[in-house]
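Student: Given next are the chains, with one letter for each unit.
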Amino acid sequence: MNIKDIAAWQLASAYLLLILPLAVILWYRVPILGRTALAVLRMTAQLVFVGLYLQVIFELNNLWLNLAWLSVMVLVADVSVARSCGLRLTRIALPLFAALLLGTAAPMLIFTGLILRCESVMDAQYAIPIGGMILGNCLRADIVGIRTFYNSIRTSEKSFHNSLAQGALLQEAVRPFITEACESALAPAVATMATIGLVSLPGMMTGVILGGASPFTAIKYQIAIMIAIFSGTSVTVALGIRLTMRSAFDHYGLLKESIFKDSGN
Amino acid sequence: MAGSDDIALLAKDMSLAFDTGAVLEDFSLEVSAGQKILMTGPSGCGKSTLLKCFLGLAVPKSGSIAVSGQPLTPATVWSLRTRIAYVMQEPDLGRGTVRQIVERPFHYHANAHLLHSVERLNELIDLFGLGIDLLDKNVSKLSGGEKQRIALIVAIMLDRPILLLDEPTSALDAQSRKTLSRYLQSRTDLTALVVTHDTDCFTFADNIVNLKAHVAGEAK
Numbered sequence: 001m002n003i004k005d006i007a008a009w010q011l012a013s014a015y016l017l018l019i020l021p022l023a024v025i026l027w028y029r030v031p032i033l034g035r036t037a038l039a040v041l042r043m044t045a046q047l048v049f050v051g052l053y054l055q056v057i058f059e060l061n062n063l064w065l066n067l068a069w070l071s072v073m074v075l076v077a078d079v080s081v082a083r084s085c086g087l088r089l090t091r092i093a094l095p096l097f098a099a100l101l102l103g104t105a106a107p108m109l110i111f112t113g114l115i116l117r118c119e120s121v122m123d124a125q126y127a128i129p130i131g132g133m134i135l136g137n138c139l140r141a142d143i144v145g146i147r148t149f150y151n152s153i154r155t156s157e158k159s160f161h162n163s164l165a166q167g168a169l170l171q172e173a174v175r176p177f178i179t180e181a182c183e184s185a186l187a188p189a190v191a192t193m194a195t196i197g198l199v200s201l202p203g204m205m206t207g208v209i210l211g212g213a214s215p216f217t218a219i220k221y222q223i224a225i226m227i228a229i230f231s232g233t234s235v236t237v238a239l240g241i242r243l244t245m246r247s248a249f250d251h252y253g254l255l256k257e258s259i260f261k262d263s264g265n
Numbered sequence: 001m002a003g004s005d006d007i008a009l010l011a012k013d014m015s016l017a018f019d020t021g022a023v024l025e026d027f028s029l030e031v032s033a034g035q036k037i038l039m040t041g042p043s044g045c046g047k048s049t050l051l052k053c054f055l056g057l058a059v060p061k062s063g064s065i066a067v068s069g070q071p072l073t074p075a076t077v078w079s080l081r082t083r084i085a086y087v088m089q090e091p092d093l094g095r096g097t098v099r100q101i102v103e104r105p106f107h108y109h110a111n112a113h114l115l116h117s118v119e120r121l122n123e124l125i126d127l128f129g130l131g132i133d134l135l136d137k138n139v140s141k142l143s144g145g146e147k148q149r150i151a152l153i154v155a156i157m158l159d160r161p162i163l164l165l166d167e168p169t170s171a172l173d174a175q176s177r178k179t180l181s182r183y184l185q186s187r188t189d190l191t192a193l194v195v196t197h198d199t200d201c202f203t204f205a206d207n208i209v210n211l212k213a214h215v216a217g218e219a220k
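Going down the list, the sequences are from chains A and B. Counted from 1, the first sequence has number 58 at position 58 by this note's numbering; the numbering is strictly sequential. Counted from 1, the second sequence has number 92 at position 92 by this note's numbering; the numbering is strictly sequential.
One chain only, chain A, in its complex shape (with noise of 0.2 angstroms):
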């Protein structure tokens, strides 16, 4: 590995430069000032917690325990998105966990096997942090689209049953509320697709120059992960939905109040 790595003491001159952003927040009184230090505290805490598990993973490269650690970074996602939603998580985790499951691992599974043609698909050193690329997308998106799909049922109530009333079946009435999703999460992965390596240079593609990789090797692996992060992006928050509705309509095809957070019941 030609990276060169970082001392602790190095590292901790990196704090020096909370400095500017403090100065911000405290000229400015920016009321933020303990979250920024929490925040900051929690990330130092959640990055050395991973970075050891990771260690131990890379090292010990268990089929087993790979999926487990994948499973729960899905599960992570699945509180996180359906809380972000505004919905009950009793009603959604499951679906919603399948949902980012399938997404997350078609793409990844393409990735390490058929693109970078790993021994194992589930390599650590590449299924781990590939599939924690995906899905860390995929939340983003997922939480767009899913809340757009059930907000806008739930606001433009009169036209959704505008469309039972003249015969639509559920799929067919809820057509036009997944089409407004599915725009609404995928279009920030668009814009993002359309302005790379312009505006600023990816996280993937960092990684690997910093790795000691040349930049066209970089590009090879930014491209083929941005088709993964917009294939699964896709795909969970279409199975998002769909999954989803099976626990949020009733058998009249109305949209349970239950299922918002914010219902009462």
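These aren't lab readings, by the way, just hints derived from the structure by calculation. Where is the CB? At the ideal position from N, CA and C, for every residue including glycine. Zero decoy hints are in this set.
Below, in silico cross-link-like pairs of lysine-lysine (BS3-like), each with a Cα-Cα straight-line distance of 27 angstroms or less:
(1) B:K212 with B:K61
(2) A:K256 with B:K61
(3) B:K61 with A:K158
(4) A:K158 with B:K212
(5) A:K256 with B:K12
(6) B:K137 with A:K158
(7) A:K261 with B:K61
(8) A:K158 with B:K141
(9) B:K36 with A:K158
(10) B:K147 with A:K158
Which chain A residues face chain B? A few, computed with CB under 8 angstroms, are given here:
(11) S156
(12) K158
(13) H161
(14) N162
(15) L164
(16) Q166
(17) G167
(18) A168
(19) L169
(20) E172
(21) Y252
Position chain B relative to chain A; hints supplied.
Tutor: Here is chain B on its own, set in the frame of chain A:
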């Protein structure tokens, strides 16, 4: 009493509760095929919700509902909805151009056999005093009256045996009120249940049902 096959709409011992605190209790209604019934009553007494109940868009606390002699259940609701056309109060037509909105229901699986009805669009647009150029307009730009007429046109094109209308004349001009009135009067085969405060527009109605007697609580 009409046989069950002749009864287009039936509500039996129905009770509904509303956010206002008002309650509609022990309400029963029987509408025979071809009848035109008006429904009146104070605001908030559940007239609109009652219409929704026949479509399975609201579920009563108790009692039963039947459409065309068939009980309304989760298993039958999807096919029974295809026997009813419904125009809601202040309709929300969705998003898109008027043409897209008008044509959309005919792409639903249940209405695929009615695609030829779209050919009547120009005639109905003319009948309700709307211009053809309106079809390319975005529905968000329409006035309340235009939306109401478009909703009525779609309901007519769907060619259902039962028509549920919720305050259909609230945003209509005199000419359109007359057109609607004449249309309903001419369709002797059509069953219509009309929630309205405008009873003068439907002088030909077979009966007027006032919900006031069935309401307890805060309805005004």
